[in-house]
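Novice: Those sequence lines, one after another, are chains A and B. In terms of this note's numbering, the numbers along the first sequence are unbroken and rise by one, the last being 491. In terms of this note's numbering, the numbers along the second sequence are unbroken and rise by one, the last being 1496.
No lab work stands behind these hints, which were simulated from the structure alone. Heads up, a few of these hints could be off.
[What the hints assert, rightly or not] Pulled a few chain B residues facing chain A out of the computed Cβ check, cut under 7 Å: (1) CYS1088; (2) VAL1107; (3) TYR1206; (4) LEU1208; (5) ILE1209; (6) GLU1324; (7) SER1327; (8) SER1330; (9) ASP1333; (10) ALA1344; (11) ALA1345; (12) GLN1349; (13) LYS1364; (14) SER1375; (15) TYR1493.
[Stated by the list, open to error] Straight-line distance between alpha carbons at most 30 Å, and here's what the computed DSS-like set of lysine-lysine pairs gives: (16) A:LYS372 / A:LYS353; (17) A:LYS139 / B:LYS1090; (18) B:LYS1114 / A:LYS64.
Note that beta-carbon positions come from the ideal geometry of N, C-alpha and C, so glycine has one too.
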Amino acid sequence: MVQENKELINDGYETVIGLETHVELSTATKMFCGCALSFGAEPNSCTCPVCLGHPGTLPVINEKAILYAIKIALALNCTVNKYTIFHRKNYFYPDMPKNYQISQYDLPIGSNGYLDVDMGDYTRRVGITRVHLEEDTGKLIHTGSTGRISESASSIVDFNRAGTPLVEIVTEPDIRSAAEAKEYLVALRNLILYLDVSDCSMEEGSLRCDANVSVRPAGSESMGTKTEIKNLNSFRFMQRGLEYEVSRQAGIVSSGGKVIQQTRHYDNVTDTTKPLRTKEEAHDYRYFPEPDLVPIHLDKEQAGKLKEQIPELPGQKSARYISDFGLSLYDAKFLTGDRQYALFFEECMKLYKNAKAVANWLMGDFSALLNKESLNLSESKINAAKLVSMLELIDSGKISSKIAKSVFEEMFYKGTDPAEIIAGSGLEQISDEGELELIIDEVIKSNPGPVAQLKDGKEKAIGFLVGQVMAKTKGKANPRLVNEIILRKIK
Amino acid sequence: MELPLNFYPAHKLNKMLRQKQVSASEIVDAVICAIDKAEARMHAYLRVESKEMAQAAAGFDSKSDALAKNGSISDFCAIPIAIKDNICTKGITTTCASKILSNYIPVYDATVIKRLKAAGYILSGKANMDEFAMGSSNENSYFGPVKNPWDLERVPGGSSGGPAASVAAGTAICSLGSDTGGSIRQPASLCGVVGLKPTYGLVSRYGLIAFASSLDQIGPFTRDVEDSARLLNVICGWDENDSTSIGSAEAGSQDYTKYLGCSIKGLKIGVPKELMVKEVDGEVRQKVNEALALAESAGAIVEEISLPSLEYALSVYYIIAPSEASSNLSRFDGVRYGYRNRDAATLRQMYKKSRAQGFGPEVKRRIMIGTYSLSAGYYDAYYEKAQRVRTLIINDFNNAFKKYDVLISPTSPSTAFRIGEKAGDPLKMYMSDICTIPVNLAGIPAISIPAGLSSEGLPVGLQIIADTLREDNIFRMAHALEEAIGFDSHPMYLYK
Chain A
1 MVQENKELIN DGYETVIGLE THVELSTATK MFCGCALSFG AEPNSCTCPV CLGHPGTLPV
61 INEKAILYAI KIALALNCTV NKYTIFHRKN YFYPDMPKNY QISQYDLPIG SNGYLDVDMG
121 DYTRRVGITR VHLEEDTGKL IHTGSTGRIS ESASSIVDFN RAGTPLVEIV TEPDIRSAAE
181 AKEYLVALRN LILYLDVSDC SMEEGSLRCD ANVSVRPAGS ESMGTKTEIK NLNSFRFMQR
241 GLEYEVSRQA GIVSSGGKVI QQTRHYDNVT DTTKPLRTKE EAHDYRYFPE PDLVPIHLDK
301 EQAGKLKEQI PELPGQKSAR YISDFGLSLY DAKFLTGDRQ YALFFEECMK LYKNAKAVAN
361 WLMGDFSALL NKESLNLSES KINAAKLVSM LELIDSGKIS SKIAKSVFEE MFYKGTDPAE
421 IIAGSGLEQI SDEGELELII DEVIKSNPGP VAQLKDGKEK AIGFLVGQVM AKTKGKANPR
481 LVNEIILRKI K
Chain B
1001 MELPLNFYPA HKLNKMLRQK QVSASEIVDA VICAIDKAEA RMHAYLRVES KEMAQAAAGF
1061 DSKSDALAKN GSISDFCAIP IAIKDNICTK GITTTCASKI LSNYIPVYDA TVIKRLKAAG
1121 YILSGKANMD EFAMGSSNEN SYFGPVKNPW DLERVPGGSS GGPAASVAAG TAICSLGSDT
1181 GGSIRQPASL CGVVGLKPTY GLVSRYGLIA FASSLDQIGP FTRDVEDSAR LLNVICGWDE
1241 NDSTSIGSAE AGSQDYTKYL GCSIKGLKIG VPKELMVKEV DGEVRQKVNE ALALAESAGA
1301 IVEEISLPSL EYALSVYYII APSEASSNLS RFDGVRYGYR NRDAATLRQM YKKSRAQGFG
1361 PEVKRRIMIG TYSLSAGYYD AYYEKAQRVR TLIINDFNNA FKKYDVLISP TSPSTAFRIG
1421 EKAGDPLKMY MSDICTIPVN LAGIPAISIP AGLSSEGLPV GLQIIADTLR EDNIFRMAHA
1481 LEEAIGFDSH PMYLYK
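Input sequences plus hints: build the corresponding full structure.
Specialist: Encoded structure:
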């Protein structure tokens, strides 16, 4: 049994981290108007009077976004609120067309959930405070060559992103290390990809995460002063940024200093965090219920229906792979750790019986080649049917496992059918006993020493003889048959 | 004396158009002629569409035979209607009578404008108002006040002073205004016309530049109750662009004219004593009582009632409306449209200077009150508490409507006051809406109809309030009282 919620103490300090993650939903249209979502489109081409905040316009809720957010809340084991409303969050900034953001406040879509994060030798249960829905802002583009606001004469605004549905997932301060924070985000991303409600691309900004970090002396129940870290825009930067911040704070506290409550920016070039603004500059957002929208009521029947729509999630899948297919925990976790692998695996299992063989290929050669070429599984030229037909060629003795590796490589790069690759290529395994006997006789004749050893019961010697046969056939001999024939002839 | 065409109600003009007794050009000419004579003294319009009106009328006349043949001369075909300048008209400046939107040209039509266009209306122009609909005298317009057509020294009421004055003076046949705390009914009362605030959500707010979203409602100004019902027929109904609009795509539309000419025998009228407060002028009180007597003699039952929480309505309103306004008006920042200060060196300065120079004093006052009410540490004591008292007010009305079909009160405690008389005293000014504000807080419908003229020759208005979506009761009572009162005065002196 894995250990639960282990205590992590470093140099007498405990790290306390809470995360706020923003996920852009992959709905067809924006949160409150009919504009298409448009990553990468011509600036300001996907806008209308509503998402530009023109006078007199009104928001209308995108129902799909509500459903997506509820799915996320359910998958995070949250209580889905039967009555939920939107609030206005008021502050001035040029990327916000109305100078208020329609968001949620005290009645979010979901609350009080958790996500179990597998840390290998222990599991960290991270409490989910809330899952709420809001609209994204536009994007400011600073015109200077560095793209930094301080080095630009002017800024321009692209409102294409304004109004994109955004789910914010806030954790309890339950995370105890930078590594846990990273693993939480990996698990959260995987979960959301399973739900198929966002593409969760950190590069494109559809998954963004800010962290609240503090340290406290081991054994202390009270919280240290926290800082909020922004710009943690990849898994690697998240871990490195948080590691830096934790050691920075521990350094301050252990030398008798005080951490200042502030928002800090992670700089991935210097690998440090730098202050952005202090608490005194914090906004009073003047939240109040959005009067342009009506409350959303979710009845029991609807909630039940939505629960049924939640697909099998990684944890459940992993358990099933172990019980139904006899996979090891390690294999099951690997495959379910990425929805694409799980789907590929399941596709194979519809056509083929040997789960372990499929798992081995997926985890071995297949993932190695994908990594080498920086491809996603879905972009690969190999589909489930092709992999299975290659496995069947191995099973029937047509190719050796060794030859299969080069066949696989050709399949990977050219997308050719495995049967086609081996036909006429001379790669096909020699399983003709007559042909093999001729070669084996020759090997026995020219290697009297090892033959004598084998006769004396030194079983190891057979390896050498088989090797000789393989060398003469350029690896095409069926090794099982070669073994059999040698033993028959010598004993 | 024969009334000129521009003083006819739309339903009469429509009948004449159908019977070819009049052409659209003749109607429009009469309106343009009145505008030429009176508008400069009255300032009811911020923009007059004379040329476009004439063109539209000529266009109508050239195909009127064909239109008549296939029966498509609908109620407001070729009728010149003034639109309050906070209702978006595509391609035509919509300023909210504010410097900050003085150059703003909407890229879309409000839903009510789309519906009027489909009905064939003619836009006479954009009507003057208090800046962002904040005011009760129309003295808060950046472009200068509107004068009351009955006495040019006096205010027309507000905030829809322009829409009210234009109908009263015959410079429009009807108009649309907006009512957040009385902004249709109070000027209708002071100008001697009919002004209706429909049930919240009955008319789409899409395209109405928001003052206080939970209170705002568009409604018609007309010469009589029949026009009011007909114009409501055109503008009401569910709108997919307004989440707070009532009904659904499937629900059919109402015909409010079927409640006209009905007997009011047995209808129960409640007279809330909280709306007959000491601030109500004696003459106003007398006119209302005369009307109540007329209702009684027509068979209605009149009883005095009490709605105790109405006492707090004004206080509640001046928390909720400014709170919503402070947020609604934050989009006016000089970034994307409207007035921008060009001397600012920083973003913050641009915001501050554009807004400081773009908004007038009353708008700033309300933004500050609202911002304060919503601030951390004050929210519970102000906004939250106001919402709770609002619920009490709603409950009071609900209870009253269990027993009564309509409630009747004065619309405004006084007749039109002099320009400048209350301008320096916001609290005194706010009292002008004491009878109308509770209605907005409850989201229920109410109408103001003329109850007669005071001894000074100024119109007195009477308010009829009904339960949610009971416009039927409003029209029943209003039409009966209109006939009984027989108000038929117009400020004809303007044209002598």
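Novice: State for each hint whether it applies.
Specialist: Here is how each hint holds up against the structure:
no. : hint                 : verdict
1   : CYS1088              : holds, 5 Å
2   : VAL1107              : holds, 6 Å
3   : TYR1206              : holds, 5 Å
4   : LEU1208              : holds, 6 Å
5   : ILE1209              : holds, 4 Å
6   : GLU1324              : holds, 6 Å
7   : SER1327              : holds, 5 Å
8   : SER1330              : holds, 4 Å
9   : ASP1333              : holds, 6 Å
10  : ALA1344              : violated, 13 Å
11  : ALA1345              : violated, 12 Å
12  : GLN1349              : violated, 12 Å
13  : LYS1364              : violated, 16 Å
14  : SER1375              : holds, 6 Å
15  : TYR1493              : violated, 37 Å
16  : A:LYS372 / A:LYS353  : holds, 29 Å
17  : A:LYS139 / B:LYS1090 : holds, 28 Å
18  : B:LYS1114 / A:LYS64  : holds, 28 Å
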